[in-house]
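Undergrad: The chain contents come next:
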Amino acid sequence: MKTLYDILDWPGTKWIFLILALVMPLASLLTWAERRQSAMMQDRLGPNRANIGPIKLKGILHFVADAVKMIFKEDFVPANVHKGLFTLAPILALAPVLIAFCIIPFGPTIYPHSYFETLDPYLLATQPTNVKFADSIRMQMFQVDFGLIFYFAVLTLANYGGTIAGWASYNKWALLGGLRSSSQMMSYEVAMGLALMGAFLVTGSLEPGFIAAHGASNEMSGSNPLNWLWLWQPVGFLLFFTAAIAETKRAPFDIPEGEPEIIGYFVEYSGMRWGIFFLAEFIEIVFISSVIATVFFGGWQVPFLDADGFRIGGYMDPIHHVSVGGWSLPLPHAVVTGLQFAAFGLKVILLCWFQLLVRWTLPRFRADQLMALGWKLLLPLSLANIMVTALIKLLFMEA
Amino acid sequence: MSASHHDDVHDEAPAGLKVLAVSTTHPRVRTVQISRPEPQDVSFLAATAKGLGVTLKHFARNLFLPRKSLAARAQAGAPPDEKFFGDFQRNEIETVQYPEEKVKYPERFRGLHRLTLRDDGAVRCVACMCCPTVCPAHCITIIPAETDDKGIEKKPAVFEIDELRCVVCGLCVEACPCDAIRMDTGEHAKPVEDRARAIETKETMMARGVPSIATQGGEGPNWRAGGHEVTPDDVNR
Chain A
1 MKTLYDILDW PGTKWIFLIL ALVMPLASLL TWAERRQSAM MQDRLGPNRA
51 NIGPIKLKGI LHFVADAVKM IFKEDFVPAN VHKGLFTLAP ILALAPVLIA
101 FCIIPFGPTI YPHSYFETLD PYLLATQPTN VKFADSIRMQ MFQVDFGLIF
151 YFAVLTLANY GGTIAGWASY NKWALLGGLR SSSQMMSYEV AMGLALMGAF
201 LVTGSLEPGF IAAHGASNEM SGSNPLNWLW LWQPVGFLLF FTAAIAETKR
251 APFDIPEGEP EIIGYFVEYS GMRWGIFFLA EFIEIVFISS VIATVFFGGW
301 QVPFLDADGF RIGGYMDPIH HVSVGGWSLP LPHAVVTGLQ FAAFGLKVIL
351 LCWFQLLVRW TLPRFRADQL MALGWKLLLP LSLANIMVTA LIKLLFMEA
Chain B
400 MSASHHDDVH DEAPAGLKVL AVSTTHPRVR TVQISRPEPQ DVSFLAATAK
450 GLGVTLKHFA RNLFLPRKSL AARAQAGAPP DEKFFGDFQR NEIETVQYPE
500 EKVKYPERFR GLHRLTLRDD GAVRCVACMC CPTVCPAHCI TIIPAETDDK
550 GIEKKPAVFE IDELRCVVCG LCVEACPCDA IRMDTGEHAK PVEDRARAIE
600 TKETMMARGV PSIATQGGEG PNWRAGGHEV TPDDVNR
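Those protein sequence lines, which keep their order, are chains A and B.
Each residue of the first sequence is one higher than the one before, counting from 1 in our numbering.
Each residue of the second sequence is one higher than the one before, counting from 400 in our numbering.
No wet-lab data here; the hints were simulated from the structure.
One should not assume that every hint holds.
[Claimed, not checked] In silico DMTMM-like pairs for lysine to aspartate or glutamate, Cα to Cα no more than 20 angstroms straight-line:
hint: 1; chain 1: B; residue 1: Lys467; chain 2: B; residue 2: Asp519
hint: 2; chain 1: B; residue 1: Lys589; chain 2: B; residue 2: Glu500
hint: 3; chain 1: B; residue 1: Lys589; chain 2: B; residue 2: Glu493
hint: 4; chain 1: B; residue 1: Lys601; chain 2: B; residue 2: Glu586
hint: 5; chain 1: A; residue 1: Lys58; chain 2: B; residue 2: Glu437
hint: 6; chain 1: A; residue 1: Lys376; chain 2: B; residue 2: Glu499
hint: 7; chain 1: B; residue 1: Lys456; chain 2: B; residue 2: Glu493
hint: 8; chain 1: A; residue 1: Lys58; chain 2: B; residue 2: Glu491
hint: 9; chain 1: B; residue 1: Lys589; chain 2: B; residue 2: Glu559
hint: 10; chain 1: A; residue 1: Lys56; chain 2: B; residue 2: Glu559
hint: 11; chain 1: B; residue 1: Lys501; chain 2: B; residue 2: Asp583
hint: 12; chain 1: B; residue 1: Lys501; chain 2: B; residue 2: Glu559
hint: 13; chain 1: B; residue 1: Lys501; chain 2: A; residue 2: Asp43
hint: 14; chain 1: B; residue 1: Lys449; chain 2: A; residue 2: Asp9
hint: 15; chain 1: A; residue 1: Lys58; chain 2: B; residue 2: Glu559
hint: 16; chain 1: B; residue 1: Lys549; chain 2: B; residue 2: Glu562
hint: 17; chain 1: B; residue 1: Lys601; chain 2: B; residue 2: Asp578
hint: 18; chain 1: A; residue 1: Lys56; chain 2: B; residue 2: Glu499
hint: 19; chain 1: B; residue 1: Lys553; chain 2: B; residue 2: Asp519
hint: 20; chain 1: B; residue 1: Lys467; chain 2: A; residue 2: Glu189
hint: 21; chain 1: A; residue 1: Lys376; chain 2: A; residue 2: Glu189
hint: 22; chain 1: B; residue 1: Lys601; chain 2: B; residue 2: Glu559
hint: 23; chain 1: A; residue 1: Lys58; chain 2: A; residue 2: Glu74
hint: 24; chain 1: B; residue 1: Lys456; chain 2: A; residue 2: Glu34
hint: 25; chain 1: B; residue 1: Lys601; chain 2: B; residue 2: Glu491
hint: 26; chain 1: A; residue 1: Lys132; chain 2: A; residue 2: Asp9
hint: 27; chain 1: B; residue 1: Lys456; chain 2: A; residue 2: Asp43
hint: 28; chain 1: A; residue 1: Lys58; chain 2: B; residue 2: Asp583
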């Protein structure tokens with residue numbers, strides 16, 4: 001911890017920034033947005049009453065009211081529950097999601113010493129040790145080659161939260177809900193992992209920061225929307241999106257919970273313990289949106305905005321992998337990075353909104369339909385996707 | 400085999416089923432092809448896209464267009480406009496924001512009771528005890544008192560209705576022989592903080608009262624003959 005830049009480049013600082021600036025506000029607002037959006041879709045108004053004095057903000061303050069209510073509710077633990085596991089389960093549901101955020105590149109690398117001047121990408125490619133690029137801050141906590149594998153590994157742990165909650169509750173309904181939760185996770189995580197394999201084959205990397213920065217092809221700039229993977233892996237995108245909704249345990253795949261009638265694994269939970277389960281679910285929505293935005297929609301890339309400003313119609317320098325030529329509008333590094341942060345936030349918000357739209361449109365699958373969809377449709381399709389992608393890459397893309 | 404006309408009706412193949420073969424001896428025995436869902440149906444993709452379109456349309460409409468007037472929202476069964484934006488002006492949100500917006504109750508809505516008044520402002524009720532007798536919830540308490548008017552003999556000294564017990568059936572109104580009690584105020588029982596406040600007294604119900612247009616009694620034992628001949632009109636009025 002020598003300088004301010006070291007503190008800013010410390011993963012803990014980035015984690016606090018990401019959680020406080022994006023994840024927590026978005027997850028809290030989603031609890032309101034979900035009710036409000038579902039109401040709008042069903043020709044109702046939804047919650048719009050919560051206020052502090054005259055400040056109403058269309059009911060946004062409902063999440064404050066909810067939080068206050070849940071915190072001050074009695075911390076009730078039913079008789080005969082396994083007290084240790086009963087307490088552990090909400091933490092097990094919440095912690096993995098917060099940990100998994102460390103692989104998400106939520107912004108471009110910032111070079112503080114050239115913050116107010118236009119970045120020279122050639123200089124960056126040829127002299128990365130130049131004093132202009134010292135003390136760089138990479139907006140990703142944990143940059144490893146196995147980034148997305150790490151996310152699969154960590155997020156699988158969240159499933160233990162539901163299963164253990166069901167088991168520790170000393171309630172047969174909760175136990176059945178927990179079992180449904182594990183069976184659903186098992187059927188969908190396979191397809192989910194395999195759905196991303198095609199993307200790995202195309203980009204040649206498992207590192208989300210690399211995928212966001214470079215896109216699918218070296219022929220185009222990473223900021224070109226045609227270079228983002230939604231176009232190169234449409235089947236993989238659909239499969240991953242479907243499996244990811246199942247992962248968040250929300251409708252149409254909400255058999256583990258089934259709030260209205262088939263009782264779910266947190267039936268014995270109340271107050272803030274229950275609130276943590278729901279917070280974890282909403283954070284998972286934000287996380288899934290971040291992953292989809294990063295892998296399939298260019299992450300923090302703004303369309304046609306390169307490191308040195310907007311550029312349309314340029315080409316890639318094959319030696320230095322720098323976008324040159326075409327019509328360009330040079331912008332200072334500060335403006336470029338600001339736009340790119342905003343782009344990431346906007347993409348995540350739009351994808352969250354789309355997940356809410358799906359959740360309030362589709363009815364719940366029956367358990368057997370869910371299994372059939374997972375094992376008999378998603379899994380074979382994702383395997384076929386890998387094969388086809390590999391063949392195309394082998395036959396047409398490898399020189 | 401010749402089938403009657405009646406049988407012909409039943410021999411038609413059910414809609415949507417393709418008949419592959421018909422038995423020669425028993426024409427109603429058929430081999431049919433059942434339509435199983437196609438793979439594209441099983442994937443739910445087309446149906447999902449269609450459903451998302453419907454909900455998205457409603458969401459966009461309700462988000463961007465101004466609200467309907469309260470009167471339009473209060474009118475039940477008004478057909479929704481199917482056009483998206485074009486000449487479509489208002490969204491479809493039906494919610495009535497209750498304390499700020501109120502829908503007028505229908506005319507026959509049974510609300511809080513009122514006691515109607517005589518021309519001089521006295522209560523019309525003659526304490527005949529018809530309404531506490533007919534009341535299925537026993538919520539009406541009347542303590543009668545004598546009145547100077549020999550034509551009506553009695554008036555209520557106490558007339559109380561416990562709105563917590565009242566089942567709003569309206570039988571008291573039907574039982575009343577002199578249009579003294581009505582439920583046409585259009586107000587519903589308000590929430591109270593203790594039970595005693597839910598009891599409507601004679602004074603509160605008279606405060607809501609209106610003069611009745613029904614024939615007013617109380618002109619003495621011979622009021623029918625008073626001043627003119629009794630006609631069927633007088634009786635039936």
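Undergrad: All the hints need checking, so say for each whether the structure fits it.
TA: Verification of the supplied hints:
no.: 1; hint: Lys467(B) to Asp519(B); result: violated (46 angstroms)
no.: 2; hint: Lys589(B) to Glu500(B); result: holds (17 angstroms)
no.: 3; hint: Lys589(B) to Glu493(B); result: violated (25 angstroms)
no.: 4; hint: Lys601(B) to Glu586(B); result: holds (17 angstroms)
no.: 5; hint: Lys58(A) to Glu437(B); result: violated (45 angstroms)
no.: 6; hint: Lys376(A) to Glu499(B); result: violated (54 angstroms)
no.: 7; hint: Lys456(B) to Glu493(B); result: holds (16 angstroms)
no.: 8; hint: Lys58(A) to Glu491(B); result: holds (18 angstroms)
no.: 9; hint: Lys589(B) to Glu559(B); result: holds (16 angstroms)
no.: 10; hint: Lys56(A) to Glu559(B); result: violated (43 angstroms)
no.: 11; hint: Lys501(B) to Asp583(B); result: holds (17 angstroms)
no.: 12; hint: Lys501(B) to Glu559(B); result: violated (29 angstroms)
no.: 13; hint: Lys501(B) to Asp43(A); result: holds (19 angstroms)
no.: 14; hint: Lys449(B) to Asp9(A); result: violated (47 angstroms)
no.: 15; hint: Lys58(A) to Glu559(B); result: violated (44 angstroms)
no.: 16; hint: Lys549(B) to Glu562(B); result: violated (32 angstroms)
no.: 17; hint: Lys601(B) to Asp578(B); result: holds (15 angstroms)
no.: 18; hint: Lys56(A) to Glu499(B); result: holds (15 angstroms)
no.: 19; hint: Lys553(B) to Asp519(B); result: holds (16 angstroms)
no.: 20; hint: Lys467(B) to Glu189(A); result: violated (46 angstroms)
no.: 21; hint: Lys376(A) to Glu189(A); result: holds (14 angstroms)
no.: 22; hint: Lys601(B) to Glu559(B); result: holds (6 angstroms)
no.: 23; hint: Lys58(A) to Glu74(A); result: violated (29 angstroms)
no.: 24; hint: Lys456(B) to Glu34(A); result: holds (17 angstroms)
no.: 25; hint: Lys601(B) to Glu491(B); result: violated (45 angstroms)
no.: 26; hint: Lys132(A) to Asp9(A); result: holds (16 angstroms)
no.: 27; hint: Lys456(B) to Asp43(A); result: holds (11 angstroms)
no.: 28; hint: Lys58(A) to Asp583(B); result: violated (37 angstroms)
In summary, the structure is inconsistent with hints 1, 3, 5, 6, 10, 12, 14, 15, 16, 20, 23, 25, 28 from the numbered list given earlier, while agreeing with the others.
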